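> Could you build the full structure based on these sequences and the hints that come with them?
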Amino acid sequence: MSFRTEKDLFETALNSSYFQQLVNQAVFLIEPQGLFGVPDLVVAHIKLSKAKERVRVQKTMAFEMKLHNWKRALVQAFRYQAFATMSFVVLDDAYIQRATKHLEKFQIANIGLLSINKQGVVISHYFPRPNEPYSVQLRVTFNHMLLASAELRCPESAFE
Amino acid sequence: MEIFHQLGHNFNWNVESLHDDNAGDGLILAPRYMKRERVEGMSLVLRERSFFDPQFFLPNTQRGQLASYNFFPDVVADGFETSEYSDSLAQEGALRCVRFQIENWFRYIIIPTRHVSGMPSNYQSMQENMFVLPFLEACQRLSASQPIVLQMVVTEHMLKDEAYFNNLLNWVTGLRGISGVYLIVDHGGRSKQVKDLDLLIALLKFVDYLKQNDLIVILGYLNTEAFLLSIAHPNVIPIGSYEGTRIFNIKYFQEQEQLIIRGPTPRIYVPMLLQLINHNYINVVRRATTAQGDLFEENQYKAIMFKPTYQWHFSKAELYKDYFTVFSNQLRQLASYKDRERYQVVSQKIQDAIGLFTTIEGRGVVLDADSDGSHLPIWLTAANEFAISKSWR
Chain A
454 MSFRTEKDLF
464 ETALNSSYFQ
474 QLVNQAVFLI
484 EPQGLFGVPD
494 LVVAHIKLSK
504 AKERVRVQKT
514 MAFEMKLHNW
524 KRALVQAFRY
534 QAFATMSFVV
544 LDDAYIQRAT
554 KHLEKFQIAN
564 IGLLSINKQG
574 VVISHYFPRP
584 NEPYSVQLRV
594 TFNHMLLASA
604 ELRCPESAFE
Chain B
8 MEIFHQLGHN
18 FNWNVESLHD
28 DNAGDGLILA
38 PRYMKRERVE
48 GMSLVLRERS
58 FFDPQFFLPN
68 TQRGQLASYN
78 FFPDVVADGF
88 ETSEYSDSLA
98 QEGALRCVRF
108 QIENWFRYII
118 IPTRHVSGMP
128 SNYQSMQENM
138 FVLPFLEACQ
148 RLSASQPIVL
158 QMVVTEHMLK
168 DEAYFNNLLN
178 WVTGLRGISG
188 VYLIVDHGGR
198 SKQVKDLDLL
208 IALLKFVDYL
218 KQNDLIVILG
228 YLNTEAFLLS
238 IAHPNVIPIG
248 SYEGTRIFNI
258 KYFQEQEQLI
268 IRGPTPRIYV
278 PMLLQLINHN
288 YINVVRRATT
298 AQGDLFEENQ
308 YKAIMFKPTY
318 QWHFSKAELY
328 KDYFTVFSNQ
338 LRQLASYKDR
348 ERYQVVSQKI
358 QDAIGLFTTI
368 EGRGVVLDAD
378 SDGSHLPIWL
388 TAANEFAISK
398 SWR
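Here the protein sequences line up with chains A and B, keeping their order.
Numbering follows our numbering, in which position 101 of the first sequence is assigned residue number 554; successive positions increment by one, without gaps.
Numbering follows our numbering, in which position 249 of the second sequence is assigned residue number 256; successive positions increment by one, without gaps.
Derived by calculation from the structure, the hints in this document are not laboratory data.
Among the hints, a few may not be true.
To be verified - Covered stretches of chain A, going by a simulated chain B footprint (3 or more residues, C-beta under 8 Å): (1) 562–576; (2) 589–597.
Unchecked claim - Once the Cα atoms are required to be at most 27 Å apart in a straight line, the calculated DSS-like pairs of lysine-lysine come out as: (3) Lys167/B x Lys218/B; (4) Lys460/A x Lys571/A; (5) Lys167/B x Lys397/B; (6) Lys199/B x Lys258/B; (7) Lys199/B x Lys558/A; (8) Lys199/B x Lys212/B; (9) Lys558/A x Lys460/A; (10) Lys167/B x Lys212/B; (11) Lys202/B x Lys558/A; (12) Lys524/A x Lys571/A; (13) Lys199/B x Lys524/A; (14) Lys524/A x Lys202/B.
Just so we're clear, the structure is a prediction, and the values are computed from it rather than from any experiment.
Just so it is clear, CB atoms sit at the ideal spot from N, CA and C, and this is done for glycine as well.
Right, here's the structure in full:
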């Protein structure tokens with residue numbers, strides 16, 4: 454059984470135990486605007502100064518979720534490497550073979566590939582190495598975004 | 008081959024680029040964006056190396072500054088209606104427009120055209136009655152000494168349909184009194200780069216046939232496909248800033264009640280890639296091609312843009328002035344080659360760019376469709392096919 458819409462897929466993913474573990478103890482942003490492209494989800498592990506005026510990003514994972522168009526998802530996920538340390542494509546499990554046939558493209562680009570089924574089971578087909586984001590400017594923009602967001606919903610563990 | 012700036016929004020950047028950086032050879036003046044006084048107030052030296060595009064594309068729509076010209080059809084007729092634009096109104100409009108062009112000492116006198124979609128069967132008679140014949144008569148009456156150039160806006164369908172293509176050529180090459188054609192292609196602008204092989208081949212051939220008939224060929228509204236089209240040896244190639252001056256789109260001349268303007272993404276021209284890439288990719292492309300040397304030519308604008316603190320924004324002049332400088336240099340280098348040699352240089356540069364994109368991709372860089380090299384194999388095929396038709400290969 455495949456997902457009917459990307460919204461279904463996104464909601465199932467966000468409620469899955471895999472993503473719940475990721476977002477737990479992290480700051481997460483849904484469809485943040487003003488970066489390079491609009492990722493569906495960004496999860497950032499950060500350390501905030503007590504006065505909340507500085508943010509130190511330890512790890513950022515950006516996710517592009519699509520039903521089946523892996524090529525388009527790959528292009529979009531590559532954009533997110535401009536500000537994220539890791540970037541992933543999440544596809545409907547029913548169509549994952551289309552992408553896994555071209556797994557080397559994900560490996561060369563260092564983009565993670567995950568699949569999810571309707572029961573919320575996530576399988577990792579390729580897990581990327583963390584890298585420095587390739588745009589200094591977007592990293593700064595993203596840090597500002599995190600600071601603004603962290604004030605609202607930062608877990609206690611994030612404070613230095 | 009000369010390079011003219013296609014003026015549009017923020018046309019001062021083009022004027023400054025021509026004047027201060029010696030980028031290009033002249034200007035294509037745009038009444039849609041320039042008040043009459045502004046055009047008349049330009050220095051004689053500048054006007055003499057430029058020409059005026061009357062922009063009658065939609066004769067009933069006085070968009071922007073078009074209302075300041077007393078020869079614009081909607082002004083002449085006090086409300087333009089095709090059926091009511093009688094001989095006398097057409098003649099009066101033509102007389103005023105030709106007089107304006109003569110008195111301002113422009114390089115050419117342009118006979119304007121109106122925009123049509125598809126492939127209308129009455130294209131030639133409509134253009135002749137409304138503009139061509141009245142303008143030729145006015146030129147004769149006013150003893151115009153500048154070369155008279157007919158503007159044509161052709162659709163992709165007109166060029167791709169063999170019968171229509173031939174009819175157009177027969178018509179334009181049979182018109183007495185014109186020295187050239189100012190050719191604009193309305194191809195719908197579905198992607199930033201032209202990736203339609205049939206259209207590119209048809210356009211190359213159309214320009215070539217016009218040249219074989221000893222007509223001056225001025226191309227308008229081109230993106231970087233100007234590089235490819237240079238092998239057909241047009242006399243003038245345009246460079247423009249915003250997309251509206253690089254891809255012809257009639258919407259910029261239509262009345263729009265509420266135009267939602269979404270600022271374009273700043274792009275930077277990379278001459279070795281023959282592509283304008285999204286600025287966010289600069290570092291990653293540079294890192295992927297370190298072995299090939301710096302793909303980005305140094306100039307005063309790069310010095311500003313490549314500072315780490317630079318805030319990229321589509322409204323900044325240096326983005327466009329850099330493009331004018333770099334692209335006009337690249338086109339000027341081509342101008343020194345002719346025929347087969349020019350084709351060989353163009354074809355080699357396209358192949359080199361394809362190779363560079365392969366290297367970039369091989370290093371794991373995934374560029375989007377507006378920044379990648381997907382147009383290049385199509386350009387190369389078009390160049391090769393045209394070269395075969397010219398017996399250059």
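> Check the hint pairing Lys199/B with Lys212/B against an upper bound of 27 Å on the C-alpha distance.
Cα-Cα ~22 Å, so holds.
> With the threshold set at 27 Å, check whether the alpha-carbon distance from Lys558/A to Lys460/A stays at or below it.
holds (26 Å)
> Do the alpha carbons of Lys460/A and Lys571/A lie within 27 Å of each other, as the hint requires?
holds (12 Å)
> Under the criterion that the straight-line Cα-Cα distance not exceed 27 Å, is the pair Lys167/B, Lys218/B satisfied?
This hinted pair holds, its Cα atoms lying about 19 Å apart.
> Given the hinted pair Lys167/B and Lys212/B, is their Cα-Cα distance within 27 Å?
Distance of about 11 Å is within 27 Å: holds.
> Measure nothing beyond the straight line between the CA atoms of Lys524/A and Lys202/B; if it is 27 Å or shorter, mark the hint as holding.
holds (19 Å)
> Between the alpha carbons of Lys199/B and Lys258/B, is the straight-line distance 27 Å or under?
Holds. Lys199/B to Lys258/B sits at ~16 Å (cutoff 27 Å).
> Are the Cα positions of Lys199/B and Lys524/A separated by 27 Å at most?
Holds, because 19 Å separates the two Cα atoms, which is no more than 27 Å.
> Mind checking the alpha carbons of Lys199/B and Lys558/A for me, to see if they're no more than 27 Å apart?
It holds: about 25 Å lies between the C-alpha atoms, which stays within 27 Å.
> Given the proposed pairing of Lys202/B with Lys558/A, does the C-alpha separation stay at or below 27 Å?
holds (24 Å)
> Does the structure keep Lys167/B and Lys397/B at a Cα separation of 27 Å or less?
Status holds; Cα separation ~19 Å.
> Are there three or more residues in the segment 589–597 of chain A whose C-beta lies closer than 8 Å to some C-beta of chain B?
Per the Cβ count (3), the hint holds.
The earlier numbered hints are all upheld by this structure, with none contradicted.
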